[in-house]
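S.K.: These are the residues of each chain, in order.
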Amino acid sequence: MTQLQFDENGKLKHFLTIEGLSRRTILQILDTAKSFISVGQREIKKVPLLRGRTVVNLFFEASTRTRTTFEIAAKRLSADVINLNIATSSTNKGETLLDTVRNLEAMHTDLFVVRHNRSGAAHLIAAHVPPHVHIINAGDGSHAHPTQAMLDMFTIREHKGDFEPLKVAIVGDILHSRVARSQIHALRTLGVAEIRVVAPRTLLPTGVESLGVVPYYDMRAGLEGVDVVMMLRLQRERMTGALIPSPQEYFNLYGLTPDKLRYAKPDAIVLHPGPMNRGLEIDSAVADGPQSVILPQVTNGIAVRMAIMALILGGSADNARGRRAEDAA
Amino acid sequence: MSSAIAVKGGRLIDPANGVDGEHDLYIDADGFVAGIGQAPAGFVAERTIDATGLVVCPGLVDLRARLREPGLEHKATLESELKAAVAGGITTLCCPPDTRPVIDTPAMAQMIQSRAWRFGYAFVHPLGALTRDLEGKQLTDMEALDEAGCVAFTNALAPVIDTLVMRRAMEYAATFDLVVFLHSEDPWLRANGCCHEGEVAARLGLPAIPEAAETVAVARDLALIDQTGVRAHFCGLSTARAVEMIAEAQRRGLPVTADVTAHHLHLTEDDIGDFNTQCHVQPPLRSRRDREALRRGLVGGVIGAICSDHQPHEPDAKLAPFSESEPGISGLETLLPLTLRLVHEGLLTLPEAIALLTHKPADILGLESGRLNVGATADVCIFDPAERWRLTEDRLVSRGHNTPFLGAEFQGRVRYTLVGGRLVYEADVPAGG
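From first to last, the protein sequence lines stand for chains F and D.
Just so we're aligned: the first sequence equals residues 1 to 329 in this note's numbering.
Just so we're aligned: the second sequence equals residues 1001 to 1433 in this note's numbering.
Chain F with its partners taken away, still in its complex shape (with noise of 0.2 Å):
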């Protein structure tokens, strides 16, 4: 659907949602952040892939955990980086958003990594920059957090192989989830043999089927048999608009407990994508327990980042792996 993000030769050109990307556009994103994986472990850390390259990180909307990782992910391939962080408000208008942006890409900026609040931001962004100015999605409203899904399934992958004979469950906050609907996207494209929704019907979107995915509102049975639980955050302000009843009533029915994750396969695999809210999607026992995979998610995070700014900026993903080999050697 998204031609967007694609240039005329069907090369990526921003990146913007997981909807609309191939299979093997995905496999190769998830290769090449295998190859620098590594890069984080030596001591100097650092590939000279996008040297003199800008990077700029226009966060309209508070980010710690996410901002930090392209900023690392982006340093590592030696870009130089600036970190901008807008506060915004429902009143800011979309004029002030595209000013906003064309004043930095007066300053020759050649990568935007974007966070705003409302679903479509990087959309608008991406149709009104220069052709040779390309953006990363960092989470749009409730649209898309493309980076995040990749780094899910490059977490998935590691510890699972193959995708195809893989159950998920995708538990909690679906309504509101830029990060629900990217992980849908890409699981699906990586033809998993089953995805379930597992929340109250205040927290599904009306028509949720239609994304590819089977609803539960009973958590026990949504987990029943599944390879990989992923858990979504709850934000605070949704115990003001009469989307659950309380806190307690919450962790009792979709809180994962070590109880509940029994259901699962034993041997599966939990993430999150955070910050996390102890107590109230999720138990410490659970969180910190031998199943979760919950910090290796993070460092993965730079890894894969790393792999989308190489993919975006730097040529093919292989141009790419082909430059840090010669760098290497």
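Keep in mind that the hints were calculated from the coordinates and are not lab data.
Fair warning: this is a prediction, and the values are worked out from it, not measured in the lab.
From the three backbone atoms N, C-alpha and C, an ideal C-beta is built for every residue, glycine too.
Distance ranges between label pairs, derived from CB positions:
no., chain 1, residue 1, chain 2, residue 2, range
1, D, Pro1070, F, Arg23, 55 to 61 Å
2, F, Ala242, D, Glu1079, 47 to 53 Å
3, D, Gly1071, F, Leu295, 52 to 58 Å
4, F, Thr68, D, Ile1161, 42 to 48 Å
Let chain F serve as the given structure and place chain D on it in line with the hints.
M.R.: Quick look at chain D alone, frame taken from chain F:
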């Protein structure tokens, strides 16, 4: 004062009078229809329009067009939009009261009419505010506004949240047999929504408006209409279920009518694609099933008019993330082409389509416009039903270029528009030119 005009050789379609055939139309110097088929005795045409191959019909009556003046002149002006109206074959239009200031005083109503009169393009009939400043609290001086030329009363897109106020407004309007225009949408269910609650909202993660936002409000309003007996008109239906509810109310004999916008008959939520803000409208574009029901409602007579719901915007209004962009389509110049498309698709006959744009909306307003019998005001639209053309920005007369139909190909283009017997629009380039 105009000059006597003969329109010769065209296919005259005047659905109100059951006319459809090759008849010449004679217009006297006072701007009235003087003869059909045969020139009245002693008629001397000062100008003859050769309408061979063209359709001659009453000028279109548009139930809702925002002209943006006063208060929002950065979007458009009376002059710019009235020129656009006649370029679209529209000779009479209703201006909703959500100008700044609001049309809630006779002075405002008169000011808009007199300014429009001075430009001399289309006739403008103001819709008076139902409540002061559209706040939903205090009734306006409806009788005085009626005297000042308001043809109906509405709170426009601002909801009357307090049901008691709505009841009183309807009762008061019913006292004087005034028509109330309703935009039935429950503000709580709408919340901060910006598109239909369905597959597209699920995919794009946009705040959504459920079908019930319309049906809950239509149900409330129908109950109040039932009790007060007010003549009510439902504006811009968007859901299949609301069409059913109105049909049922009409069967029970309630004095209710309804319209639909031209774009809701063609577009669905799918047209939003990847955040196309040109498809951000209120009420939202809904599912294919809803669109089919709106079309059936039109054919079955439940929906009695097609309107443009013209809302011109400056470009920046649409250059924002979808939910922050301003809703609305610049629709004056696509009202006729989009309606003709329904004829090409086999949904309506040409006379049926013209009726929905002329005497039927006029009847809802209680106006005599929209018909071309001898003695009627000569508001005439003459269009080439065969000409194919593409909508481009430089073709648009409206200041608002906000339309999802840019680049679309249409068949049927306005060639001449007459208002009160005066030629107010003539297309520059003839067919094929």
